[in-house]
Amino acid sequence: ETGVTQSPTHLIKTRGQQVTLRCSSQSGHNTVSWYQQALGQGPQFIFQYYREEENGRGNFPPRFSGLQFPNYSSELNVNALELDDSALYLCASSLRQGTYEQYFGPGTRLTVT
Amino acid sequence: AQSVTQLGSHVSVSEGALVLLRCNYSSSVPPYLFWYVQYPNQGLQLLLKYTSAATLVKGINGFEAEFKKSETSFHLTKPSAHMSDAAEYFCAVSQGGSNYKLTFGKGTLLTVNP
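So the protein sequences, as listed, match chains A and B.
According to our numbering, the first sequence holds residues 18 to 130 in order.
According to our numbering, the second sequence holds residues 10 to 123 in order.
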């Protein structure tokens, strides 16, 4: 059984650019959530996707968007990058039903200069 | 709305000593509660979870936590700290139902001294 994987591991972008982060869910999981973890903080919920549709969103602006594909892999897109977007972005997969346990990937470290 | 408060951003213990990491939650419905551990430059690993079954929950690596509804607490303990326990620990709450998001506390950094 493969776990949650994310790519790339690290990324450096310039303010104003756009970025796409990728996540491959754990086998059999149909729900994916994205979290932003700023330095020294706990993860904050960005949004969740279930069966390719957004199923809940945190307090993040529309320039944060996502996609979930039929194979349950996912993308997080961020437009017009700002310096405050520098963070560790975590992807977590889970089953829609059950005990709501989420399995996290290793994260993508995004630095915006 | 749901929230989590972790008391103490940094806890330092000696190897072999008791580990106690505190977590208090706020939830408008019966919560699901989780403890995750994060090692440097890694993602989050689930230590244990409370999902309305037994109030004393046992997890991996000798950790356990007790759900106390009257105190709205879910403190994490381990009888004897090991050097490998040094990491950041996060408490999280989920209300389940149609809202599956996890709300995390700010984390507690555990240092284990030899």
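These aren't lab readings, by the way, just hints derived from the structure by calculation.
Just so you know, even glycine gets a beta-carbon here, dropped at the ideal spot from N, CA and C.
There could be a bad hint or two in this list.
[What the hints assert, rightly or not] Stretches of chain A that chain B covers, calculated by requiring three or more beta carbons in the stretch to come under 8 Å of a beta carbon on chain B:
(1) 33-46
(2) 88-94
[Claimed, not checked] Going by beta-carbon spacing under 7 Å, a handful of chain B positions derived as facing chain A:
(3) G52
(4) L53
(5) K58
(6) Y59
(7) F76
(8) K77
(9) K78
(10) G116
(11) T120
(12) P123
Hints versus structure:
Counting residues of the segment 33-46 of chain A whose C-beta lies closer than 8 Å to any C-beta of chain B gives 0; at least three are required, and the coverage claim is violated. With 0 residues having a Cβ less than 8 Å from any Cβ of chain B, the segment 88-94 of chain A misses the three-residue criterion, and the hint is violated. At about 4 Å, the closest approach between the beta carbon of B:G52 and any beta carbon in chain A falls short of 7 Å, and the interface hint on this residue holds. A distance limit of 7 Å between C-beta atoms decides the matter here; for B:L53 the minimum to chain A is near 4 Å, and the interface restraint holds.
Using the Cβ-Cβ criterion of 7 Å, the hint placing B:K58 at the interface with chain A is satisfied: the shortest such distance is roughly 6 Å. The beta carbon of B:Y59 is not positioned within 7 Å of any beta carbon in chain A (closest approach about 9 Å), and the interface hint is therefore violated. For B:F76, the shortest C-beta to C-beta distance to chain A is roughly 14 Å, which exceeds 7 Å, and the interface hint is violated. Against a cut-off of 7 Å between C-beta atoms, the interface hint on B:K77 is violated, since the closest Cβ of chain A lies about 20 Å away.
Hint on B:K78 is violated. Least Cβ distance to chain A is approximately 18 Å, over the 7 Å limit. A cut of 7 Å between beta carbons decides the hint on B:G116: the least distance to chain A is about 5 Å, and the hint holds. Residue-level restraint check for B:T120 is violated (minimum Cβ-Cβ distance to chain A is 15 Å; threshold 7 Å). Contact between B:P123 and chain A, as hinted, is not supported at the beta carbon level, the nearest pair being about 26 Å apart and thus beyond 7 Å.
Taken one by one, the earlier hints fail for this structure at numbers 1, 2, 6, 7, 8, 9, 11, 12, listed in ascending order.
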